[in-house]
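Undergrad: Please work from the sequences and hints to get the whole structure.
Residues in the sequence shown are numbered from 0 upward in steps of one, following numbering that gives the first Met the number 0.
Please keep in mind that the hints were generated in silico from the structure rather than gathered at the bench. Check each hint, because a few of them may be wrong.
Stated by the list, open to error - Cross-link-like lysine-lysine pairs, in silico, BS3-like; alpha carbons within 27 Å at most:
id : residue 1 : residue 2
1  : K26       : K59
2  : K66       : K6
3  : K6        : K59
4  : K15       : K70
5  : K59       : K70
6  : K53       : K92
7  : K26       : K15
8  : K15       : K48
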Amino acid sequence: MAGSLNKIQIIGRLGKNPELRVTQAGKTVATLSIATSEAFGSGENKKEKTEWHKVILWDKTADLAGKFLTKGRRVFIEGKLTYRDWTDTEGRKHYITEIIGNNVVFIDNTPAANPAE
Numbered sequence: 000m001a002g003s004l005n006k007i008q009i010i011g012r013l014g015k016n017p018e019l020r021v022t023q024a025g026k027t028v029a030t031l032s033i034a035t036s037e038a039f040g041s042g043e044n045k046k047e048k049t050e051w052h053k054v055i056l057w058d059k060t061a062d063l064a065g066k067f068l069t070k071g072r073r074v075f076i077e078g079k080l081t082y083r084d085w086t087d088t089e090g091r092k093h094y095i096t097e098i099i100g101n102n103v104v105f106i107d108n109t110p111a112a113n114p115a116e
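TA: Printed below as a string of C-alpha cells:
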C-alpha cells in the first residue's frame with residue numbers, strides 16, 4: 000500500500016451551472032460550485048451550516064458535466080484535494096482549495112429550489 004492517500008468524497012448541489020472552457024492544448028475544463036450542508040441543534044435552536052466547494056473536472060468528465068448538470072442538481076463527487084496560491088497584480092497573496100474530481104455521479108434529475116439544501 001502507498002504511504003499516503005489524498006481522497007475526498009462529497010454529495011451536494013450545484014450552486015450554478017458548470018463553467019466550461021477549453022485550454023490552449025484543447026482540453027475541456029469544467030468548474031463547479033457545490034454546496035454541502037449540515038444541520039445541528041433542535042427545536043428553536045436548530046441551525047444549518049453550508050460549505051461551498053470548488054470542483055475542477057477535466058476532459059470527458061468535464062464534457063459530460065457541461066452537458067447534463069445544471070444549477071440545483073445533486074451530485075456525488077470523488078477526487079483529490081488540492082491547494083493553489085498566486086500573487087495578484089497588487090502584490091497580494093491569494094490561496095484557494097479545490098477538489099480535482101475524477102468521478103461524478105448524477106444523483107437526481109430535479110434541481111432543488113434552494114441549491115444549498
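Undergrad: Are the hints correct? Go through all of them and say.
TA: Hint-by-hint comparison with the structure:
no.: 1; hint: K26 <-> K59; in the structure: holds (9 Å)
no.: 2; hint: K66 <-> K6; in the structure: holds (26 Å)
no.: 3; hint: K6 <-> K59; in the structure: holds (20 Å)
no.: 4; hint: K15 <-> K70; in the structure: holds (4 Å)
no.: 5; hint: K59 <-> K70; in the structure: holds (20 Å)
no.: 6; hint: K53 <-> K92; in the structure: holds (19 Å)
no.: 7; hint: K26 <-> K15; in the structure: holds (22 Å)
no.: 8; hint: K15 <-> K48; in the structure: holds (19 Å)
Violation of the numbered hints given earlier is absent; every hint is satisfied by the structure.
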